[in-house]
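J.: What follows is each chain in one-letter form.
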Amino acid sequence: MSAPAATVAALAKGLAAGEYSSVELTRAYLERIAAAQPALNAFVTITGESALAAAAAADAARAKGQVGRLAGVPIAHKDIFCTEGVLTTCGSKMLANFVSPYDATVVAGLRDAGTVMLGKLNMDEFAMGSSNETSFFGPVHNPWDTKMVPGGSSGGSAAAVAARIVPAATATDTGGSIRQPAALCGVTGIKPTYGRCSRYGMIAFASSLDQAGLITVSAEDAALLLGPMSGFDPRDSTSVERAVPDYTATLADSLEGLTIGLVKEFFDKGLDASNEQRIRDAIAVFEKLGARVREVSCPNLPLSVPTYYVVAPAECSSNLARFDGVRFGHRCESPKNLLDLYCRSRGEGFGAEVKRRIMTGTYVLSAGYYDAYYLKAQRVRQLISADFARAFDSCDLLFGPTSPTPAFPIGAKFDDPITMYLNDIYTIGANLAGLPGMSIPCGFVDGLPVGLQIVGPHFSESRMLNAAHRYQQETDWHLRVPAAFA
Amino acid sequence: MEWETVIGLEIHAQLATRSKIFSGSATAYGAEPNTQANLVDLGYPGVLPVLNGEAVRMAVRFGLAIGARIAPHSVFARKNYFYPDLPKGYQISQYELPIVAEGALDIVLDDGTRKRIGITRAHLEEDAGKSLHEGLPGQSGIDLNRAGTPLIEIVSEPDLRSAKEAIAYMKKVHTLVRYLEICDGNMQEGSFRCDANVSVRRRGAEKFGTRAEIKNLNSFRFVEKAINHEVERQIEILESGGKVVQETRLYDPDKGETRSMRSKEEANDYRYFPDPDLLPVVLDDLFIAGIKATLPELPDEKAARFVSDYGLSEYDAGVLTASRELGAFYEDVVRRVGGEPKLCANWVMGDFAAFLNKDNLEITESRVDAAALAGLVARIVDSTISGKIAKDVFEAMWSSGEGADAIIEQKGLRQITDTGAIEKAIEEVMAKNPGQLADYRSGKDKLFGFFVGQVMKATGGKANPAQLNELLKKKLAG
Numbered sequence: 022m023s024a025p026a027a028t029v030a031a032l033a034k035g036l037a038a039g040e041y042s043s044v045e046l047t048r049a050y051l052e053r054i055a056a057a058q059p060a061l062n063a064f065v066t067i068t069g070e071s072a073l074a075a076a077a078a079a080d081a082a083r084a085k086g087q088v089g090r091l092a093g094v095p096i097a098h099k100d101i102f103c104t105e106g107v108l109t110t111c112g113s114k115m116l117a118n119f120v121s122p123y124d125a126t127v128v129a130g131l132r133d134a135g136t137v138m139l140g141k142l143n144m145d146e147f148a149m150g151s152s153n154e155t156s157f158f159g160p161v162h163n164p165w166d167t168k169m170v171p172g173g174s175s176g177g178s179a180a181a182v183a184a185r186i187v188p189a190a191t192a193t194d195t196g197g198s199i200r201q202p203a204a205l206c207g208v209t210g211i212k213p214t215y216g217r218c219s220r221y222g223m224i225a226f227a228s229s230l231d232q233a234g235l236i237t238v239s240a241e242d243a244a245l246l247l248g249p250m251s252g253f254d255p256r257d258s259t260s261v262e263r264a265v266p267d268y269t270a271t272l273a274d275s276l277e278g279l280t281i282g283l284v285k286e287f288f289d290k291g292l293d294a295s296n297e298q299r300i301r302d303a304i305a306v307f308e309k310l311g312a313r314v315r316e317v318s319c320p321n322l323p324l325s326v327p328t329y330y331v332v333a334p335a336e337c338s339s340n341l342a343r344f345d346g347v348r349f350g351h352r353c354e355s356p357k358n359l360l361d362l363y364c365r366s367r368g369e370g371f372g373a374e375v376k377r378r379i380m381t382g383t384y385v386l387s388a389g390y391y392d393a394y395y396l397k398a399q400r401v402r403q404l405i406s407a408d409f410a411r412a413f414d415s416c417d418l419l420f421g422p423t424s425p426t427p428a429f430p431i432g433a434k435f436d437d438p439i440t441m442y443l444n445d446i447y448t449i450g451a452n453l454a455g456l457p458g459m460s461i462p463c464g465f466v467d468g469l470p471v472g473l474q475i476v477g478p479h480f481s482e483s484r485m486l487n488a489a490h491r492y493q494q495e496t497d498w499h500l501r502v503p504a505a506f507a
Numbered sequence: 002m003e004w005e006t007v008i009g010l011e012i013h014a015q016l017a018t019r020s021k022i023f024s025g026s027a028t029a030y031g032a033e034p035n036t037q038a039n040l041v042d043l044g045y046p047g048v049l050p051v052l053n054g055e056a057v058r059m060a061v062r063f064g065l066a067i068g069a070r071i072a073p074h075s076v077f078a079r080k081n082y083f084y085p086d087l088p089k090g091y092q093i094s095q096y097e098l099p100i101v102a103e104g105a106l107d108i109v110l111d112d113g114t115r116k117r118i119g120i121t122r123a124h125l126e127e128d129a130g131k132s133l134h135e136g137l138p139g140q141s142g143i144d145l146n147r148a149g150t151p152l153i154e155i156v157s158e159p160d161l162r163s164a165k166e167a168i169a170y171m172k173k174v175h176t177l178v179r180y181l182e183i184c185d186g187n188m189q190e191g192s193f194r195c196d197a198n199v200s201v202r203r204r205g206a207e208k209f210g211t212r213a214e215i216k217n218l219n220s221f222r223f224v225e226k227a228i229n230h231e232v233e234r235q236i237e238i239l240e241s242g243g244k245v246v247q248e249t250r251l252y253d254p255d256k257g258e259t260r261s262m263r264s265k266e267e268a269n270d271y272r273y274f275p276d277p278d279l280l281p282v283v284l285d286d287l288f289i290a291g292i293k294a295t296l297p298e299l300p301d302e303k304a305a306r307f308v309s310d311y312g313l314s315e316y317d318a319g320v321l322t323a324s325r326e327l328g329a330f331y332e333d334v335v336r337r338v339g340g341e342p343k344l345c346a347n348w349v350m351g352d353f354a355a356f357l358n359k360d361n362l363e364i365t366e367s368r369v370d371a372a373a374l375a376g377l378v379a380r381i382v383d384s385t386i387s388g389k390i391a392k393d394v395f396e397a398m399w400s401s402g403e404g405a406d407a408i409i410e411q412k413g414l415r416q417i418t419d420t421g422a423i424e425k426a427i428e429e430v431m432a433k434n435p436g437q438l439a440d441y442r443s444g445k446d447k448l449f450g451f452f453v454g455q456v457m458k459a460t461g462g463k464a465n466p467a468q469l470n471e472l473l474k475k476k477l478a479g
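First to last, the sequence lines map onto chains A and B.
Numbering-wise, the first sequence is residues 22 to 507 according to this note's numbering.
Numbering-wise, the second sequence is residues 2 to 479 according to this note's numbering.
One or more hints might be untrue.
What the hints assert, rightly or not - Simulated crosslink set (BS3-like; lysine-lysine; CA at most 25 Å straight-line):
#1 Lys425/B x Lys412/B
#2 Lys343/B x Lys392/B
#3 Lys80/B x Lys397/A
#4 Lys114/A x Lys34/A
#5 Lys376/A x Lys80/B
#6 Lys208/B x Lys116/B
#7 Lys458/B x Lys392/B
#8 Lys389/B x Lys293/B
#9 Lys131/B x Lys357/A
Worth flagging that the hints you see were computed from the coordinates, not collected in a lab.
Construct all of the structure, not just a fragment, from the sequences and the given hints.
T.: In structure tokens:
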């Protein structure tokens with residue numbers, strides 16, 4: 022068994038061929054997790070016992086025949102997804118004691134497909150952050166250089182997959198929280214179209230932007246896992262009633278005639294020159310594969326960051342109001358009265374970044390400011406969507422960098438929120454427009470990975486995965502493993 | 002100084018759906034605390050609301066019944082504030098784009114004229130839970146059974162000019178929602194309650210005065226008392242040179258007064274914004290037409306028909322259409338009697354209504370059903386009994402549950418219509434009262450009534466009154 026280098030696709034084959042059992046595989050990964058945890062801090066909760074039980078059940082089911090292709094494959098979930106009977110913290114002190122009484126739809130879908138949950142992955146508190154430094158459970162370290170951040174908010178997911186301590190992980194993306202850490206950790210990340218995966222059971226940050234997705238080694242693995250977590254959910258009114266294709270069926274399709282748009286605004290002065298070179302090199306590979314490349318412009322895209330930092334905090338200020346110390350989560354000691362209960366429970370339970378966004382959101386929704394901020398931001402959001410729609414009139418997919426720079430040192434930007442927010446400058450647009458986006462590894466700068474971003478029209482996941490897969494057939498960036506974890 | 006009162010009402014009617022507006026929990030009243038609240042109602046992390054289509058259909062029924070515009074596109078918004086019985090920290094309501102806008106209802110004033118009351122809007126929202134303090138010294142309990150119960154908030158224009166008008170309007174809405182079967186109208190259980198916006202201004206003034214909002218009035222009597230108290234309070238302030246402050250006031254039914262809850266400055270900034278968890282409600286003409294086709298005959302239409310078809314007065318028609326059940330009962334009686342709509346109306350509105358009231362029964366629980374009442378009225382019509390005897394028969398029917406005919410037979414109440422028998426009774430009375438007879442014949446006409454009374458007494462009230470009159474006149478004339 023070659024767990025360290027294995028993809029989900031390879032492990033599924035190995036399990037089907039009887040090369041190893043799910044219990045053996047699960048035990049191997051649990052050992053790797055335990056060994057890496059001190060260096061990476063990727064997990065908040067490791068569910069060894071229930072993982073082994075689930076693995077044994079998968080093996081038993083396989084022995085009887087009739088199992089799906091993912092049966093017995095271990096994965097882990099970002100700690101934003103509710104998991105029945107298991108601690109679900111969302112990276113916050115507020116929920117440090119919260120055991121969810123139910124499973125998120127995404128979690129149930131992947132469990133029903135036979136996957137085995139290894140545990141819950143660390144993340145920025147309530148998914149608010151781009152470096153995984155805002156977690157109440159401490160920062161996650163980048164496996165390529167443990168002094169560096171893994172990106173965020175799905176930093177635990179990206180670091181764990183990069184270090185091959187899990188074969189694949191769920192993640193969520195509100196403004197780049199899948200794609201940016203995937204880029205910074207040298208792994209594959211996909212944020213599907215808004216509405217593709219149910220948000221039920223995914224603790225809300227900004228409801229109109231949040232979307233569940235995956236961090237995997239390869240596009241093929243993402244294609245394997247995306248199906249079972251997609252589809253309409255009657256418990257989420259914003260999930261879309263639309264058939265889920267077999268994402269693996271079209272992976273090998275030719276890229277002949279594919280038109281790639283290079284978004285002019287993505288290649289701005291903020292983009293690190295070495296980073297840009299890796300992106301250009303990757304695009305050349307696509308041209309070799311038959312794709313045509315043209316430049317397009319999305320003139321309103323530079324407004325993404327300010328727009329996002331009005332809309333997302335507005336929604337979060339309301340979504341996080343339920344954490345009031347009354348029914349669940351952190352409650353302060355001996356409150357004097359109701360106001361004291363609210364103020365101290367929330368004051369103690371939330372970290373600085375979460376408070377900053379609640380304050381910002383409360384402000385932009387206040388009487389007298391609503392029109393100038395929230396309404397204006399919603400209008401700009403429409404303009405950005407329209408820019409993308411126009412770009413897709415002449416292009417099949419849009420390409421660009423995922424983040425301006427490779428991973429930066431832990432602590433370097435922590436006290437400078439504005440600089441931190443600019444990390445998501447290239448990723449936020451897709452969230453504002455509800456578009457699917459990916460990041461795939463496309464090289465290294467000074468030993469740190471660089472990610473290529475792909476943005477497609479709504480529900481173009483098949484085409485995006487196809488393009489990413491064909492690229493990964495030509496390159497091996499995605500198969501590189503940090504030396505310390507090889 | 003002459004003052005004019007200006008009132009607008011915000012009525013909250015609980016919609017009679019089986020499950021909550023955004024979750025599958027039951028809405029039944031009176032269950033053990035927190036047994037009808039699921040994870041969605043409790044606002045657990047990660048849960049999402051899903052709109053109950055039945056609540057939308059009910060709101061559309063209401064909108065169509067008040068001739069309003071049904072919005073083809075309406076939006077749920079979050080009203081943000083902290084309170085322990087509000088689990089999510091926001092109430093899902095509708096704000097800028099309500100489902101129903103610009104309707105009206107007519108009320109009838111004391112002088113019989115009709116007045117049109119504008120309805121600005123009606124929107125869907127979820128109710129909050131309840132805080133409980135009884136039996137919990139030093140603590141507060143939270144019951145979230147009611148959290149998420151669907152409400153329709155019906156907002157009137159400031160068209161009402163007195164507590165009386167406000168009550169007439171509120172009763173009209175109360176009747177209507179029960180006709181439409183969208184609300185049980187139970188005010189004690191809080192299914193139908195209102196807030197009143199009250200201000201006063203000098204008669205003739207164009208500008209409205211500063212208003213106070215009186216919260217949570219859950220009986221017609223309280224609405225009337227609270228408004229009258231508030232009007233007096235405001236006039237007193239203004240006449241002594243003071244200024245009314247814009248504020249929210251609470252009515253205290255024990256003391257019969259309103260007291261300040263919070264001023265405008267202390268008011269919450271609710272930070273409304275469209276709820277991103279819910280899609281806009283989009284209704285097409287076909288959907289609306291489908292609901293229109295299922296509307297029952299509405300109270301005003303029914304009353305107009307009672308006037309034209311049955312020749313009833315507007316007042317009687319209004320009383321008989323105050324509930325769908327009463328109107329149906331009345332029409333059932335008329336149909337069974339085969340006519341005599343006015344006599345039937347008098348019986349339904351008279352003794353029948355009085356007995357129901359006395360025993361505090363709903364019409365559906367009545368001890369005398371439409372068939373039995375029709376049986377009694379039929380005996381008046383065919384002269385078997387007089388109207389006066391019928392009252393005794395009705396009382397016996399009410400207490401025994403037996404039919405009119407059985408009681409008439411048992412008690413021998415059948416009217417005497419045999420001319421010979423009546424003549425015989427007259428002759429006996431004349432023989433016993435020679436003095437009065439002589440007086441009558443010498444011109445004291447007034448004594449006619451005395452003779453009627455005596456003959457009735459002698460026949461146990463059973464002599465047919467018309468026959469008696471005729472025969473008595475003849476006999477007395479000699």
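J.: Given the hinted pair Lys458/B and Lys392/B, is their Cα-Cα distance within 25 Å?
T.: holds (17 Å)
J.: For the pair supplied as a hint, Lys114/A and Lys34/A, confirm whether the alpha-carbon distance does not exceed 25 Å.
T.: At roughly 40 Å apart (the allowed maximum being 25 Å), Lys34/A and Lys114/A break the hint.
J.: Measure nothing beyond the straight line between the CA atoms of Lys343/B and Lys392/B; if it is 25 Å or shorter, mark the hint as holding.
T.: holds (17 Å)
J.: Run the distance test for Lys425/B versus Lys412/B: straight-line Cα separation, threshold 25 Å.
T.: Holds, at roughly 22 Å.
J.: Quick one, are Lys376/A and Lys80/B close enough, alpha carbons at most 25 Å?
T.: holds (20 Å)
J.: Sort out whether Lys357/A lies within 25 Å of Lys131/B, counting only the CA atoms.
T.: holds (21 Å)
J.: Assess, step by step, whether the Cα of Lys208/B is no farther than 25 Å from the Cα of Lys116/B, and give holds or violated.
T.: Within the cut-off at roughly 21 Å; holds.
J.: Checking one constraint from the list: CA of Lys389/B to CA of Lys293/B, max 25 Å. Satisfied?
T.: Violated - the C-alpha atoms of Lys293/B and Lys389/B are around 46 Å apart, more than 25 Å.
J.: Does Lys397/A lie within 25 Å of Lys80/B when you go C-alpha to C-alpha?
T.: Within the cut-off at roughly 20 Å; holds.
Of the numbered hints given earlier, the model fails hints 4, 8; all others are met.
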